[in-house]
Amino acid sequence: NGRLRARQDGVSLVPWADVSLICVGTPAAADGSQVLEYLHNVATEIGRGLRETPNYHVVVLRSTVFPGTTRTFLSRLLEEHSNRQAGRDFGIVANPEFLRETKAISDFYAPPYIVIGESDSRSGDIAAALYRGIQAPIHRVSFEEAEILKLTNNAFHALKIGFANEIGRICDRLGMDSHSVMKLVCADTKLNISSAYLRPGFAFGGSCLPKDLRSLTYNARRLGVEIPILEAVLPSNRLQIDAARLKVHDLGARRVAVLGLSFKPETDDLRETPVIDLIRYLWQDGVDVLVHDPDVNPDKMLGSNREYLERHLPQINQILRPEISDVLNQCEVVVVTQKRPEFAAALQALNGRATVLDLVRLSEDASSLSQGNYKGISW
1 NGRLRARQDG
11 VSLVPWADVS
21 LICVGTPAAA
31 DGSQVLEYLH
41 NVATEIGRGL
51 RETPNYHVVV
61 LRSTVFPGTT
71 RTFLSRLLEE
81 HSNRQAGRDF
91 GIVANPEFLR
101 ETKAISDFYA
111 PPYIVIGESD
121 SRSGDIAAAL
131 YRGIQAPIHR
141 VSFEEAEILK
151 LTNNAFHALK
161 IGFANEIGRI
171 CDRLGMDSHS
181 VMKLVCADTK
191 LNISSAYLRP
201 GFAFGGSCLP
211 KDLRSLTYNA
221 RRLGVEIPIL
231 EAVLPSNRLQ
241 IDAARLKVHD
251 LGARRVAVLG
261 LSFKPETDDL
271 RETPVIDLIR
281 YLWQDGVDVL
291 VHDPDVNPDK
301 MLGSNREYLE
311 RHLPQINQIL
321 RPEISDVLNQ
331 CEVVVVTQKR
341 PEFAAALQAL
351 NGRATVLDLV
361 RLSEDASSLS
371 QGNYKGISW
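Sequential numbering from 1 applies to the sequence shown in this note's numbering.
Simulated from the structure, these hints should not be mistaken for laboratory data.
Hints are supplied without guarantee of correctness; some may be wrong.
Derived DSS-like pairs (lysine-lysine); straight-line CA-CA distance at most 30 Å [stated by the list, open to error]:
#1 Lys150 / Lys190
#2 Lys247 / Lys300
#3 Lys247 / Lys183
#4 Lys103 / Lys211
#5 Lys150 / Lys160
#6 Lys211 / Lys190
#7 Lys247 / Lys339
#8 Lys300 / Lys183
#9 Lys183 / Lys264
#10 Lys211 / Lys247
#11 Lys339 / Lys300
#12 Lys300 / Lys375
#13 Lys160 / Lys183
#14 Lys375 / Lys247
#15 Lys264 / Lys190
#16 Lys103 / Lys247
#17 Lys300 / Lys160
#18 Lys183 / Lys150
#19 Lys150 / Lys211
#20 Lys190 / Lys160
#21 Lys264 / Lys375
The whole structure should be built from the sequences, with the hints applied where relevant.
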């Protein structure tokens, strides 16, 4: 019935169609960089085809690429070879595929979601119409968010496999059934198999996670089991403290208020809280620091918690303030390390008098805090 056509020359098909789907491979070079030769070739053909039609044609990139490829590389090639302007004369959409080998057809008809990266709503509407028969939520985002999502998903899948295999190697050395262990890991859908802990923010701390990671990695070395993924977790966590330090440095502040000292709200447990390390780094940088944490009272601390504080932050009584106003009135930058409603309320009242550096994303609309004088650690 003429609904399927094939040509060796793609240029002639562009005027006939409303949409072009780019589904070429983007293999990795020896150094890990993406080889964009195939994308270059097909974009050149489509660009030449765009010259031949006055219609608003939408180019949909399904291939996996690094953020920035659609907006710069693909857009530039299409405009160069068509002598037309993207967004005005033709549209571009980044629409990553989530298809597994051997299950591509079933995955196409039952995706977890459909992601459309767009620079204009007209192009996004046309791309969304392609999926009107598919029962799946559609998310309209930027080019870059669509591009990074596919890479993030695959990295997460690879990380899960690598993590399970490292636990498996430890269990095997200990004579245990790793599948039995991981079955119980997966049975926890509150923390383990859930969205818990999957929001970028500040470094983790406390009396459990760092200690237990050290125990696991030490004993793996003792048993002669290599677990490079788990060995890299604590160094990666340290880099997040460095990232917060650099953010403060870039703001050029000399007086900083830190809201939250313990590793999470509603506890005075300061053991291995990353906030203490951040404070000490800021002192090294010549920054004056004041701290407010409603749960921390050094006079009431006992045992190992008190010993940790005295060893790592003996100056606590000089910098800790009981009232939040006592620290906010004297600062240029406010560093938020805990998610508390009272912190958000106090920052709203700042009226832009200080820059907020949010390490925990106080709320989804947190950018409105301090009259927009706001920065997140990674948003």
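A quick look at each hint next to the structure:
Taking the CA atoms of lysine 150 and lysine 190, the gap is near 25 Å; set against the 30 Å cutoff, the hint holds. Only pairs whose Cα atoms come within 30 Å are accepted, and lysine 247 paired with lysine 300 is rejected, the gap being roughly 33 Å. The suggested pairing of lysine 247 with lysine 183 is violated, with an alpha-carbon distance near 41 Å, which exceeds 30 Å. In summary, the hint linking lysine 103 to lysine 211 is not supported, as the alpha carbons are separated by about 42 Å, beyond the 30 Å threshold.
With a CA separation close to 15 Å, the supplied pair lysine 150 and lysine 160 stays within the 30 Å bound. With a C-alpha separation of about 22 Å, the suggested pair lysine 211 and lysine 190 falls inside the 30 Å cut-off, and the hint holds. Between the alpha carbons of lysine 247 and lysine 339 the distance comes to roughly 19 Å, so the proposed pair stays at or under 30 Å and holds. About 42 Å separates the Cα atoms of lysine 300 and lysine 183, which puts this hinted pair outside 30 Å; it is violated.
With a C-alpha separation of about 29 Å, the suggested pair lysine 183 and lysine 264 falls inside the 30 Å cut-off, and the hint holds. Proximity of lysine 211 to lysine 247 is assessed by CA-CA distance (about 27 Å); at most 30 Å being required, the pair is judged to hold. Proposed proximity of lysine 339 and lysine 300 is supported: the alpha carbons are some 23 Å apart, at most 30 Å. Among the hinted pairs, lysine 300 with lysine 375 is inconsistent with the structure: their alpha-carbon atoms are about 34 Å apart, more than 30 Å.
Annotation: proposed proximity of lysine 160 to lysine 183 holds, straight-line Cα distance about 14 Å (limit 30 Å). Between lysine 375 and lysine 247, the direct Cα distance comes to roughly 9 Å. Compliance with the 30 Å bound is thereby established for this hinted pair. Between lysine 264 and lysine 190 the alpha-carbon distance is near 18 Å, which keeps this suggested pair within the 30 Å criterion. Restraint check for lysine 103 and lysine 247: the C-alpha separation of about 44 Å exceeds 30 Å, so the hint is violated.
Between lysine 300 and lysine 160 the CA atoms are separated by roughly 42 Å; this puts the pair beyond 30 Å, and the hint is violated. Taking the CA atoms of lysine 183 and lysine 150, the gap is about 27 Å. The hint holds against a cut of 30 Å. For the given pair, lysine 150 sits about 33 Å from lysine 211 by alpha-carbon distance, which is inconsistent with the 30 Å threshold. Between the alpha carbons of lysine 190 and lysine 160 the distance comes to roughly 17 Å, so the proposed pair stays at or under 30 Å and holds.
For the hint pairing lysine 264 with lysine 375, the CA-to-CA distance comes to about 20 Å; that is within 30 Å, so the pair holds.
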